[in-house]
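Visitor: Following the hints, complete the assembly by docking chain V onto the known chain C.
Take a look at the letters that make up each chain.
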Amino acid sequence: MSSVKYWDKSSLEEPLYGKHGTGYWRTLNELAESAECGEQPPGEFPDPEYLQRLPVSRRRVLQLLGASMALAGATACKRQSPEDIVPYVQRPEQQVPGRAEYYATSIPIDGFAHGVLAESHEGRPTKLEGNPDHPATLGACDAVAQAAVLSLYDPDRSPAVRREGTITSYGALLETLHQRQQQWDAEQGRGLCFLSRPVTSPSELAAMEHLRRRWPKAQWFMHDPLDRSATYEGVKQCFGSPLEPVYQFGRADLVLSLDANFLQSQPGALRYARDFMARRKPENSNASFARLYAIESTPTVTGAVAEHRYGMPFPQVEAASRQIAQAMGLAVKAPPQPVLTDRWLQALVEDLEHHKGAALVVPGDQQPASVHAIAHAINAALGATHTLVEYIPPAIGNHSDPPLASLAEAVSGAEVESLVVLGSNPVYTGAADLDFRHLYQRVPWRLHWGEYNDETGQLSHWHVPATHPLEAWGDARAYDGTASLVQPLIQPLHEGKTALQLLAALSQATDERPRELLQEYWRQQSESETFEHNWRRWLHGGVIPDSAPTPVSVSLRASWSRRLPEPSPGAEALILQLQPDVALRDGHYANNGWLQEMPRPITTLTWDNAALLSPQLAKRYKLKDGDIIALTTAVGRAEAPVYVLPGQPEHAVTLALGYGRTYAGRVGNAVGTNAYTLRPSNEPWATTLEALTPTGEHRTLALIQNHHSIEGRDLIRATTLEDYRANPDFAQHPAPSKSLYPEPGPPQRQAEHAWGMAIDLSACIGCNACVTACQAENNIPVVGAEEVARGHDMHWLRVDRYFSGSPDKPDMVFQPVPCMHCENAPCEPVCPVGATQHSADGLNQMVYQRCVGTRYCSQNCPYKVRRFNWFDYTSARARHPARPAVQNPDVTVRSRGVMEKCTYCVQRLNEATSNAEAENRPLADGEVRTACQQSCPTRAISFGDIADRHSQVSEWKSSPLNYGMLEHLNTRPRTTYLAAVRHPNPAMGEGEP
Amino acid sequence: MAQLFRPRANAIVRLVMAAFFATTLIGACFAIALNHSPYLTGVGSTPEQPVPFSHKHHVGGLGIDCRYCHTSVEQSTFAGLPDTRTCMTCHSQLWTNAEMLEPVRESLKRDEPLRWQRVHNLADYVYFDHRAHVTNGVGCESCHGRVDKMPLTSQRAPLTMQWCLDCHRSPAPHLRGAEAITAMGHPPPDSTTQRQLMQQFDIEPERMSECDVCHR
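Here the protein sequences come in this chain order: C and V.
One point on numbering: in this note's numbering, the residue at position 609 of the first sequence is 595, and numbering is uninterrupted.
One point on numbering: in this note's numbering, the residue at position 156 of the second sequence is 208, and numbering is uninterrupted.
Chain C extracted, bound-state conformation:
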């Protein structure tokens, strides 16, 4: 046999140069395994004894398989069931049945407007996309806004007005309000309290102001579980009045984040991500490449993008900012113990000084006021004020109202007779020490207005359902103060009332029409003769032009540093850090399956909020992923599973808010741990962890990342800007020249286009907006925690996260992985029924109707991008039934036993090519955009015709950074990557974070 030489080993090894030594790893287990070098993967065939023990024997399985195959054909022996066609009585003007319509509207998230374009099929909203004209989104759309369309059809939304739990009519409420009003009028509102969520809506604020004037003795409170008061407080310390900072990342060459997750979690994050990542283009050799330093308490996507990431417990961020301020010559008291190493500090400060005028410091929303004050003072010293950071009057109009703690005091003092809760859920989101659940029940008359009959609604005398933003008339301001309108795409599905309707009811006890209420406000803001014209223009564009406030001119007060608190000694104790969940925010979105199943960036965890522990701490307590621990703070105790996260500060445990709901609905109830039970009101974001006790219990976490093993392959390519400039071809590894199999010739059929995709790893921030966009566009089912834990997640697109370096100070890179649409696709020849075929224009087509579920294709796919419907995930009997109304009518809903995968949004391709053909013109570059590409905040995805040499995707693919994943397998993927380029500070030196 030795004479038969199939291949020469050395010749194969050479093309695989770079396979090892990249040093990337995805989990700690993987790192440990590669260090031990050579633990065998589990064998292909299971142990025979194990087979004996199975409840169903192998023979039985074969019998059942045979029988079901024989019977499967029988289902085809009937005609299709008859269908109705129901035309309109009177067709709306300009509506063309079968064609989607788009309307501009806004989705308020944490109060701030996200401008969207809502796609509507025959009056049924199905998909939200970013509004390119809206300053907060510029056409991008984050996962939370995307998922709003699923919440619209949520059967658990509150359907009716309830009085002490029993369904009643809105009229009955109006009657009660009428009586109450007379009483409130008589006493000027004494004993009446309002608790509101943060409100940016100008019309709502005006209506609230009207009520304030009418009942001057009524008290108003504002409860924001994602408390941003420190932002305003910090600015006030520096400049004398509370203002909202708005950052101009497009002008920054250097950014320092002080625990700010400005790329994902702050108001304006979509815009910030776009602006900042646009400043980091390695191809553009003329422009500078912006550098990011991140000091952060929990690994976030911002830290992952940063060149230099310094992890430290939450309370130490203040000490670090003092150190930086002091090194820059500001009059700030030094912390008792320095936290930043001298070298890091020196390199950072030199870099900041060097970039004066183009350097920016961004404090985190959750950090205390002192960090904000120091950051703004540093910005002033760097000359960033008014150029890189502008200050506007806060969009949240009720930010100065006292917080929930003050309301709690008032209730304890029996000052509160009647309490109106406007869109807030304080019984769930109140800090543990306030014990608001009991206090609330001491108020004699309680009214709750909210989308869900939630924890607070359950304990209220009256509950009024709120409308969803897609069925409401309203308005909201964006992060920069731009006002935009919220217009309904559909009549309210239930008896929901808009905020303006409720405020009108409180004021006049009448049921007003929501559109008129909104128009009434805006008519006053506009000249009356042009109002109708303007109104239509605003509705069409989704934005009210020139409505952003002009930035306020500020100057740093000389006394700013004297107002800083004394530096506190560095705490030795363990710290519990709380943070808003990137998907569920404060828990408001807990009943949304898309958001629950969205892999959280960095952890890739779904359906749970694990306690994030550093590897060192986990080792000390002998904990591993999924072990349940009990956490005790001064105010409460809760149990949560452990997730060991490289990069987590050693003495800090992080837990996300928003889980452990009891009245969220069928999806969100009892998912994860309620972190509010650990939260003290005076230290909302970080508090001392009094005890961390392993309980000895364990549960499997629903993680995505571990599903497909990396096996040391060279999937990620990354380098520094310096190396890239010196060696632009670093990502070009020699292509294979030998194959064991005959090469398929060029396709026989003529193709008009050649579709391809390129993904820029330098631009990807790993936010997962694309994953949810894909889910919404392609009718991807929600499978639930148990199925995700088994590796049955259905997302067609996954964002892989890779670590490199040491587990305590790792670097992170993200890689979105859709179907590669290989020209030489390994999945195609193995399908016994030809259910996956190649099209001449380069699509790897999946034909669901032909698929019999052998899963050979998935076995043979080196990228593991095919997903199998193991169970019925879509019908009414499924664990999380699909909601037919939200489904895209242009995409098949797949059933059990069928393989599926990314199609490059073939329905969009077909529509665009058909439109171009009907209009008798060539298809323009950029006319077809895939759902993932469209939602991407940083424009990291390019899609188009690679046969057109001038298309954007062709330009990207001609970059020296372009490489194909696993190209040594000779699959010739149509989806390729641009290698990641970072721009570290050479002065930072080895070993520094």
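It is worth saying that the hints were derived from the structure and are not from the lab.
Honestly, I wouldn't trust all of these hints.
[Unchecked claim] What follows is a set of in silico ranges between Cβ atoms, one per label pair, in the way DEER data are often shown:
#	chain 1	residue 1	chain 2	residue 2	range
1	C	Arg509	V	Pro104	48 to 56 angstroms
2	V	Pro225	C	Ile476	43 to 51 angstroms
3	V	Pro257	C	Arg46	27 to 35 angstroms
4	C	Ile71	V	Ala85	27 to 35 angstroms
5	C	Phe857	V	Arg119	40 to 48 angstroms
6	C	Phe857	V	Pro257	35 to 43 angstroms
7	V	Thr212	C	Ala862	56 to 64 angstroms
8	C	Glu738	V	Val65	37 to 45 angstroms
[What the hints assert, rightly or not] On the chain C side, residues computed to face chain V include the following (Cβ under 10 angstroms):
#	residue
9	Gln66
10	Ser67
11	Val72
12	Thr878
13	Arg882
14	Asn896
Using N, Cα and C, we set each Cβ at its ideal position, and we do this for glycine too.
Guide: Using the frame of chain C, we list chain V on its own:
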């Protein structure tokens, strides 16, 4: 040791084998025939409609163009069914008391749509596009038959994948000029016209049998 099987056993085995193959063959033939039978394809079926609408009268008799009622056929995947108002453009003046039209008047009065029965019911996984066909030289008649001769609308084509592919693979004989798209009884093109039409509509059959043209 005695023979286990008598000579007769050979005959029995042969008989059983022959019966087995015969049954399989007959079964397969039956299955194929069933699959193409009008029972399963629905050819010739005439679903009962809320109003016995006659295409023969409206198209054949009055000469109303298809697009007067099926308005979106050139713009959308769906040809569109007339709203009640469209019916009432004429029937508010003509046959205003006809009992047959009571459901139409009732629909307008109550603001409740008419519920028509689908005659051409494609499988849900087929994404048929009316616009792509009528703007590329495929006439209404090619799939829907001579509706101008149908007092009640019935299905004329089997709508099987084979039937679709027959035309997708060789569309030329089924084409007609843009001016004759809604014409009934249009003669099939001769070979010169076929070539011209293929060129005029820029039809490339090699791309028309890709899976994702109809399935996605």
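Visitor: Determine which of the earlier numbered hints do not hold for this structure and return their numbers in increasing order.
Guide: 3, 7, 8 and 13
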